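The chain contents come next:
2 protein chains.
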Amino acid sequence: MSWFRNLSRFSAINVSRRQPGVNADPFLLSSFNFFSSNSNPAAVKPSLEPVQYSGMGPTKPHEKPRVVVLGSGWAGCRLMKGLDPEIYDIVCVSPRNHMVFTPLLASTCVGTLEFRSVAEPIARIQPAISREPGSYFFLANCTGISADKHMVHCETVTDGEQTLDPWSFTVSYDKLVIALGAVPTTFGIHGVKEHAIFLREVHHAQEIRRKLLLNLMLSDVPGISEEEKQRLLHCVVVGGGPTGVEFSGELSDFIMRDVHQRYAHVKDYIRVTLIESGVRLVRGTVKDVQDQKIILNDGSEVPYGLLVWSTGVGPSPLVHSLDLPKAPGGGRIGVDEWLCVPSVQDVFSIGDCSGFVESTGRQTLPALAQVAERQGKYLANQLNRIGKAGGGRAKSGKDIDFGEPFVYKHLGSMASVGSYKALVDLRQSKEAKGLSLAGFISWFIWRSAYLTRVVSWRNRFYVAINWATTLVFGRDISRI
Amino acid sequence: MSWFRNLSRFSAINVSRRQPGVNADPFLLSSFNFFSSNSNPAAVKPSLEPVQYSGMGPTKPHEKPRVVVLGSGWAGCRLMKGLDPEIYDIVCVSPRNHMVFTPLLASTCVGTLEFRSVAEPIARIQPAISREPGSYFFLANCTGISADKHMVHCETVTDGEQTLDPWSFTVSYDKLVIALGAVPTTFGIHGVKEHAIFLREVHHAQEIRRKLLLNLMLSDVPGISEEEKQRLLHCVVVGGGPTGVEFSGELSDFIMRDVHQRYAHVKDYIRVTLIESGVRLVRGTVKDVQDQKIILNDGSEVPYGLLVWSTGVGPSPLVHSLDLPKAPGGGRIGVDEWLCVPSVQDVFSIGDCSGFVESTGRQTLPALAQVAERQGKYLANQLNRIGKAGGGRAKSGKDIDFGEPFVYKHLGSMASVGSYKALVDLRQSKEAKGLSLAGFISWFIWRSAYLTRVVSWRNRFYVAINWATTLVFGRDISRI
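Here the protein sequences line up with chains D and B, keeping their order.
Residues in the first sequence are numbered consecutively from 2, following the working numbering.
Residues in the second sequence are numbered consecutively from 2, following the working numbering.
The set of hints was computed from the structure by calculation and includes no laboratory data.
Treat the hints with care, as some may be off.
All copies of an identical chain are treated as equivalent in the list; a pair is satisfied when it fits inside any one copy or across any two copies.
Computed list of lysine-lysine pairs in DSS-like fashion (alpha-carbon distance at most 30 Å, straight line) [claimed, not checked]:
#, residue 1, residue 2
1, 389, 61
2, 82, 268
3, 288, 389
4, 294, 268
5, 61, 410
6, 288, 399
7, 268, 61
8, 150, 378
9, 399, 268
10, 61, 82
11, 288, 82
12, 194, 389
13, 288, 396
From a predicted model like this one, the values you see are computed outputs, not experimental measurements.
Work out the full structure: start from the sequences and follow the hints.
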């Protein structure tokens, strides 16, 4: 096969590139000694071991002021999209280089949508991040904030892959936006983290999908008992919020349309149970979660093959530990009407990790994509305005008029419940008058509404294609 | 939020299904005692512990004869697609419920194609598998064959997920087709399995993609040394076969088009080296593979961040261990001109795991998708013809005319080398006259040729959409 050799020679010459280091290291390698204890990454406490840090030092007068954004969810990404890269350099620190369209995540578990259609790379949301010499994305976790020094502490994420040991670095900021989101709540119930799957990230959806398809296939193999088959194909969803309901709806669609066709042998065994914990909707409150069964408060046992936990969210341990003002109850970072964190300078917080401080007299907003998105948009405009007025630098925005405070207007709640039906509630609160729909029209509104929120044209296009393909060909069932 | 509660009640009623067990267990639960040792899964040796097996017993006179297919690669899937479900029940045993379009796998590593576009579920290739009462797909590995008993031994795959412990079962066959494929060769070089990534399955492509994007992002984080940055962004491909060359080409495309745009800060550091081991193409023969570097024969060291190994394939340990005739050299299962395994009854073998026995005077065919696909198609027609003539049952096909032997006609070799160029060799051998092309026209032929081989319309459609989107929007770089 002589063409092999020709090819490899051709290719080897063509693709080898060996001119690294044309530009010098663009980082301000501001190494300094800093006393830190690694055991508690959130708190910045003195220890006896001096640690050598490197990172990005304070911006110089000839550089643009730097906005550091912690997190890449709805709030952080909407903010970055709106920031003017002519005014600011943007540095994002997050363990995830993409944003997840959480409201569409449930659809990916059963193959209605592809995983990639619900993830948008940050570099597409704000191209300056990869193009501007002073703008960066760092794949890292924030481990602490030194608000007095205008500096955040970070540690790289290597995600189990042994390429490199994680290392620490610092980033100085002119303005800091904390958009760290929230983590799922377990109400201290034993075994939830070990045995249940959350539905917050793409890898959760992938795990649910793999387990669902594995269980469907295993239940078809000779030698399995009737009881075991029923357990394997029992999908339990705990939590009656939008995520739990939408996931149940998608699962129901999947069973009706696809399992009946593609897994005809086991179709009569599969069932879905939704447990609204606390409300005693189906059978009761979850007391304990074990390997293959849930124990309810009344002692009854619910065997399961797949357990999805979506009972709501709360602040992360890092948010809890930060030495910043807090909103009443729940430990969210406290902000004023302009989404500024009081008592420190140049620090803002948006999305699920923040709430109004008591003095505002405002209620904490629900942990919804809608709220986060609106706050990100508002704050981007604020920061652009401040920057244009010459207040972009650290400690220089004090005298600038902050303008209108942030006001949240609820545009309606939506949830798809499968079978091309959805429930749409366009009332501003349950007491208010307004439009409330159910059925096919709502389903259409639901789908259209999400399409317009999906950030890039690429993903809008893909989501539309995915939905069309699912309608025509059914869902994809390959377990990859 | 009262609509939450309404939704969950609605949904809970709607999606709970509780009528399992309408039909009785469809399996012939032919439990029997069988003496087996679990320590060597391939060999069926007697031990002191009697093991209870269940499974599918021999077919009854009122049932269709059963073809058992081991494997779900090109050979096995093309065979199943061609088998007539009116004549046979089809049972497929494989650790993978989908077929992978291996020639397109390299494109998924860099985001040109989605992972799902190159995977086709077996239930779509042969719908009878999920619909016919006697046809099944079992997610399991074959652990041994008792040709004298017309029976295969299997063990379920649970893939690290602790849903269930794996269990063993047996499947009786009327006709058996061994299409187990091959495994990558390492030439006994130390460290390859630990540190290099192969490119045979979708999860390999996913691993390569994750590592490539991780390295690109890590190399951008403050605190990394110049040397480390260069190492991280050095992609080494060992093996100058079509897979290695196509992967290098895709990587080169990715660097030119996407890395330059999306990772502008590190674009001058990334490089690709292709090592054709044995041919001393770039620098030499690989002697040892370590965590972060390769040692060549002359003692020189090649630091790498990503190492892809694609030096060819050989028979798996199971194929080696089977007590069946072998082809000369290399340990492949021996077959005659009709792809029958001599000396045993009703056993056939196709694809990379098989080769012609010495008495045929034929050379073993190359381990190519093209060969496997042609053999699958041929054998499906053979089995359909035998079945129609009443020879479908075990031990009943002896007197039926086997017809024309299998003849392989090489239709040409193709490899894309990036930048919309490909090399196409339509000669039957390197000595023969014929067409040999390079450049854009070849690239177009290459893409079209693969599109026509992609099995379902759904995937043809998706691949075309993926290619079009990549051309318009560039590649996807979200690391999910």
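| query | Which numbered hints does this structure break? | reply | Hints 3, 5, 6, 9, 11, 12 and 13 are the ones this structure does not satisfy, whereas the remaining hints hold.
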